[in-house]
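Quick note: the sequence shown uses my numbering, first residue 1, plus one each step.
Calculated directly from the structure, the hints in this document are not laboratory data.
Hints should not be assumed to be uniformly reliable.
[As the list claims (entries may be wrong)] Cut-off 30 Å, straight-line C-alpha distance, at most; resulting in silico cross-link-like pairs (DSS-like, lysine-lysine):
#: 1; residue 1: 51; residue 2: 396
#: 2; residue 1: 330; residue 2: 37
#: 3; residue 1: 51; residue 2: 78
#: 4; residue 1: 78; residue 2: 409
#: 5; residue 1: 293; residue 2: 51
#: 6; residue 1: 33; residue 2: 267
#: 7; residue 1: 403; residue 2: 330
#: 8; residue 1: 396; residue 2: 71
#: 9; residue 1: 330; residue 2: 267
#: 10; residue 1: 51; residue 2: 210
#: 11; residue 1: 267; residue 2: 293
#: 12; residue 1: 37; residue 2: 403
#: 13; residue 1: 396; residue 2: 134
#: 14; residue 1: 78; residue 2: 293
#: 15; residue 1: 33; residue 2: 51
#: 16; residue 1: 71; residue 2: 33
#: 17; residue 1: 33; residue 2: 78
#: 18; residue 1: 396; residue 2: 210
#: 19; residue 1: 33; residue 2: 396
#: 20; residue 1: 37; residue 2: 78
#: 21; residue 1: 403; residue 2: 33
#: 22; residue 1: 37; residue 2: 409
#: 23; residue 1: 37; residue 2: 71
#: 24; residue 1: 330; residue 2: 71
#: 25; residue 1: 409; residue 2: 51
#: 26; residue 1: 210; residue 2: 267
#: 27; residue 1: 330; residue 2: 33
#: 28; residue 1: 37; residue 2: 51
#: 29; residue 1: 396; residue 2: 78
#: 30; residue 1: 396; residue 2: 293
#: 31; residue 1: 51; residue 2: 330
#: 32; residue 1: 71; residue 2: 51
#: 33; residue 1: 37; residue 2: 134
#: 34; residue 1: 71; residue 2: 134
#: 35; residue 1: 267; residue 2: 51
#: 36; residue 1: 403; residue 2: 293
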Amino acid sequence: MNNNFFSCTILIALLVGFASCDNTSNVEPTSSKYFLKYYGQTGDQEGIDVKETPDGGFIIGGNSITSFGGKSDYLLIKTDPEGNQEWQRTYNFGGDDRMTEVLVLSDGYLIAGTSELTGSNKVKLIMVDRDGIKEDDFTLDSTNVNSYKCNDITLTNSGDYFIVGTYDGPSQDASKGNSFQAFVPSSFVNVATPQLNGDNNEDVDLVFVKGLEVVNNYTAGGPQLNYLVFGYKEFPSGINLTLYQSDLNFGNIGWGLPVKFSALNTKLVDAIPVAEGGYLILSASETGSVMTKVNEDPNEERYLYVTNASYSIGTADISGISMVQSSANKYIVTANINEQNSIRTSSTIFETSFSGSIRWERVFGTYSSYTSGNACVLSDGSIVYTGTANQESQTKVFLVKTKSNGDMK
């Protein structure tokens, strides 16, 4: 996620051949089923993540600053299926709190993010009920002065949590790089110390971005659960995308083959398993975005992954934020765009194939700056996504729901 909370730091060219360009004046009124709506209170709010809830509504996770120069709080907004707000709550732990993701549980929601606590940053998990009332919270490695940043959380098959991110501390072992993996039981008890992982080259800047629980089909003893982490390493000569696999005790199984994009200098921003098999990686820079297909190698007992191909997205520069599969060989990408010679940033959502061709696109923020958050695809094929809209010197959360083809009417 963008660490510059309400800054538009990505300057990229407008896409060629926009399918549409929307703002409040020409989207509303829409049908009750498809909409563009805004949420917030006094101050600045940011939309990061959105999920569908069991009642057909939506839960939006983000951040909120209610006083000028104040600290950020975690933000949850619950809506009904038509986007009407049911409740809005913030959660404050004394310092700067920044959301990573919100998960939908059987009896409520889990907020995952990074909180500033007693001089260092910590991974914070907050359990709330269906009405947003906090029931419990957990701080990873709370007794240590080391700092951690939560980049991703995955709900495992056991109902527990797999977390990856970056690490910094005075006792840091340079040979371990600066990223970590952690397994947190849903009970928040008996949590092991986060496992530091890295390269033996202390000059390498290793960043874990996405972590998944996977089934390793190629071990001698039969299928077993493993963890697969997607990330990147920075070298003086460029940036390499990396894949790292470990067993459930975080024992090293093997590194995947590095994929170097020195020309675009892209950093991995998202990775998803795809229905066709394997995984798709989205990487981005200020000058472009790339999709890379990764497949498992059935001839390799160590279950390493090999890259098939990579494609740039679209015919002009875009900076991807998130990705989700919509159907076979079709993917929904959220991204930020900016007019040339302008500081105004627009938010875009579009459907693309693996080859990078854009099938349809929606753009929001023609008259003021918008930035993108995450999207999700619903069971009927419709799409919702969230982000941040600049409105009269304040920023507010927006939520968009479209048909499967991007239409809203």
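Checked hints:
1. Between residue 51 and residue 396 the alpha-carbon distance is near 18 Å, which keeps this suggested pair within the 30 Å criterion.
2. Note on residue 330 and residue 37: the hinted pairing holds, with a Cα-Cα distance of about 26 Å set against a maximum of 30 Å.
3. Pair hint residue 51 plus residue 78 holds up; C-alpha atoms about 10 Å apart against a cutoff of 30 Å.
4. Using a Cα cut-off of 30 Å, the hinted pair residue 78 and residue 409 holds, with the two alpha carbons roughly 24 Å apart.
5. A threshold of 30 Å between alpha carbons decides the hint, and for residue 293 with residue 51 the separation of about 25 Å falls inside it, so the pair holds.
6. Our distance criterion of 30 Å between C-alpha atoms is broken by residue 33 and residue 267, whose separation comes to about 36 Å.
7. Proposed proximity of residue 403 and residue 330 is supported: the alpha carbons are some 15 Å apart, at most 30 Å.
8. Taking the CA atoms of residue 396 and residue 71, the gap is near 16 Å; set against the 30 Å cutoff, the hint holds.
9. Proposed proximity of residue 330 and residue 267 is supported: the alpha carbons are some 22 Å apart, at most 30 Å.
10. With a CA separation close to 18 Å, the supplied pair residue 51 and residue 210 stays within the 30 Å bound.
11. Only pairs whose Cα atoms come within 30 Å are accepted, and residue 267 paired with residue 293 is accepted, the gap being roughly 15 Å.
12. Between the alpha carbons of residue 37 and residue 403 the distance comes to roughly 16 Å, so the proposed pair stays at or under 30 Å and holds.
13. A C-alpha spacing of about 23 Å is found between residue 396 and residue 134, which places the hinted pair at or below 30 Å, so the restraint holds.
14. This hinted pair does not check out: residue 78 and residue 293 have alpha carbons roughly 35 Å apart, beyond 30 Å.
15. Taking the CA atoms of residue 33 and residue 51, the gap is near 16 Å; set against the 30 Å cutoff, the hint holds.
16. A C-alpha spacing of about 35 Å is found between residue 71 and residue 33, which places the hinted pair above 30 Å, so the restraint is violated.
17. Restraint check for residue 33 and residue 78: the C-alpha separation of about 16 Å stays at or below 30 Å, so the hint holds.
18. Taking the CA atoms of residue 396 and residue 210, the gap is about 27 Å. The hint holds against a cut of 30 Å.
19. For the hint linking residue 33 to residue 396, the alpha-carbon distance of about 21 Å falls within 30 Å, and the restraint holds.
20. Pair hint residue 37 plus residue 78 holds up; C-alpha atoms about 13 Å apart against a cutoff of 30 Å.
21. Between residue 403 and residue 33 the CA atoms are separated by roughly 9 Å; this keeps the pair inside 30 Å, and the hint holds.
22. About 15 Å separates the Cα atoms of residue 37 and residue 409, which keeps this hinted pair within 30 Å; it holds.
23. Simply put, residue 37 and residue 71 have alpha-carbon atoms about 25 Å apart, close enough for the 30 Å limit, and the pair holds.
24. Between residue 330 and residue 71 the alpha-carbon distance is near 39 Å, which puts this suggested pair outside the 30 Å criterion.
25. Of the supplied pair hints, the one linking residue 409 and residue 51 holds, its CA atoms being roughly 22 Å apart against a limit of 30 Å.
26. For the given pair, residue 210 sits about 12 Å from residue 267 by alpha-carbon distance, which is consistent with the 30 Å threshold.
27. Among the hinted pairs, residue 330 with residue 33 is consistent with the structure: their alpha-carbon atoms are about 23 Å apart, no more than 30 Å.
28. About 16 Å separates the Cα atoms of residue 37 and residue 51, which keeps this hinted pair within 30 Å; it holds.
29. Of the pairs offered as hints, the one joining residue 396 and residue 78 holds, with about 15 Å between alpha carbons and a cut-off of 30 Å not exceeded.
30. Restraint check for residue 396 and residue 293: the C-alpha separation of about 35 Å exceeds 30 Å, so the hint is violated.
31. Restraint check for residue 51 and residue 330: satisfied, since their Cα atoms lie roughly 20 Å apart, inside the 30 Å limit.
32. Simply put, residue 71 and residue 51 have alpha-carbon atoms about 25 Å apart, close enough for the 30 Å limit, and the pair holds.
33. Straight-line distance between C-alpha atoms of residue 37 and residue 134 comes to about 26 Å, which keeps the hinted pair within the 30 Å bound.
34. Using a Cα cut-off of 30 Å, the hinted pair residue 71 and residue 134 holds, with the two alpha carbons roughly 20 Å apart.
35. With a CA separation close to 25 Å, the supplied pair residue 267 and residue 51 stays within the 30 Å bound.
36. Using a Cα cut-off of 30 Å, the hinted pair residue 403 and residue 293 holds, with the two alpha carbons roughly 27 Å apart.
Going down the numbered hints, you'll see the structure goes against 6, 14, 16, 24 and 30, while the others check out.
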